[in-house]
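Knowing the structure of chain A, use the given hints to seat chains B and C on it.
Protein chains in written order, with this note's numbering: chain A, 1 to 136; chain B, 1 to 136; chain C, 1 to 136.
These are computed hints drawn from the structure, not numbers from a lab. Heads up, some of the hints might be wrong.
Only pairs whose alpha carbons sit at most 30 angstroms apart, straight line, appear in this in silico DSSO-like list of lysine-lysine [unchecked claim]: (1) Lys65(A) x Lys44(B); (2) Lys18(A) x Lys65(C); (3) Lys18(C) x Lys65(B).
These numbers come from a predicted model, not from an experiment.
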Amino acid sequence: MSDKTALTPATHTAPPAKFSHGVRKGNILQVAGQVGFLPHEEGKAPTPAGPGLREQTLQTLANVKAILEEGGAGWDDVMMIRVYLTDVGHFAEMNEIYNAYFEEQALTQPPAARTTVYVGLPAGLLVEIDALAVLS
Amino acid sequence: MSDKTALTPATHTAPPAKFSHGVRKGNILQVAGQVGFLPHEEGKAPTPAGPGLREQTLQTLANVKAILEEGGAGWDDVMMIRVYLTDVGHFAEMNEIYNAYFEEQALTQPPAARTTVYVGLPAGLLVEIDALAVLS
Amino acid sequence: MSDKTALTPATHTAPPAKFSHGVRKGNILQVAGQVGFLPHEEGKAPTPAGPGLREQTLQTLANVKAILEEGGAGWDDVMMIRVYLTDVGHFAEMNEIYNAYFEEQALTQPPAARTTVYVGLPAGLLVEIDALAVLS
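Extracted from the complex, chain A is given alone in its bound form:
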């Protein structure tokens, strides 16, 4: 039967704890919660793409995409995107950024379902996103 494969894109560190950035088993691919950290540089601590929602959201989406691609998938395969924000006041702006981003991705399949809720995140982080994909 099919094995579970860990997905660790070149842009990501080895995971800092006993979890995988993403896993694929058969046609199911799960992306772990991503935040807006810039691509990993050897010897540097994880650094957010910027203090604002725009930079962090775009970087977070890029990080999710890198994991999808590492597993042979893309946005078209994503069934569910979970968006965690820290501030209800960020919803409208996140939607604008999200919509513009997905316009550019030129999806050929319907967009994923989504749930957005407002939670606590570590200091300095405004957004976290995870994703579940089903490959064709």
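Same frame as chain A, now just chains B and C:
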């Protein structure tokens, strides 16, 4: 290979952002986070079923069900229900409403697993629910 | 086609509401949100394993594992673990406990993906965990 289908019941607006109310691909169906908005009326803004937990929970469950049915599924196919409340004090009442609702649905399969957590939601909304189904 | 089976380990009560502690259908197994309650004793109310993060996290993981095993699965089959904490200040300690726990589990497959967010939980509970598994 199987395509991803967007599920947009007649009761729902076209999604306000680049996401789907639900998607189905093969035997997997994911319902996006639903809230207690009444069925869409042309030219009217989304309106919660009421200010209270009961009306909102029942409407939210009806909205989830509409998406399941649009995808050829029903509550019996649901594996996981995520319930987001805004107030720990609402847990007991939500459970009562939830139990009575599912009694009425006359499930022929075991009920779904569930996780309930307490988060922030946009002003006026007390509950959000999403669901993952696996069709037979 | 395959039926949905409710997973109720001997350590668990009958669920207190119309949900299952876990369900399996075909090769998909979903574990409901678990907390750090000790194994059920007839006539006693649910009791956390202790007031602290360590006891609760370890008990919660044991509770998830019991449900996986009831469904014929184990940690190696888990694709996604969702960790809900109540305090951002608990992240480092949770990671230590989590890593040590999974070292001991002697996984033969890559660890699951994970999302950790900070939410409200009922009084006295510091952690809740759910899991999605795909069996081979």
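So, going through the hints one by one against the coordinates:
1. Between the alpha carbons of Lys65(A) and Lys44(B) the distance comes to roughly 36 angstroms, so the proposed pair goes past 30 angstroms and is violated.
2. Among the hinted pairs, Lys18(A) with Lys65(C) is consistent with the structure: their alpha-carbon atoms are about 16 angstroms apart, no more than 30 angstroms.
3. For a cut-off of 30 angstroms, the pair hint linking Lys18(C) to Lys65(B) stands: about 16 angstroms separates their Cα positions.
Against the hints set out earlier in the document, a violation occurs for number 1 only.
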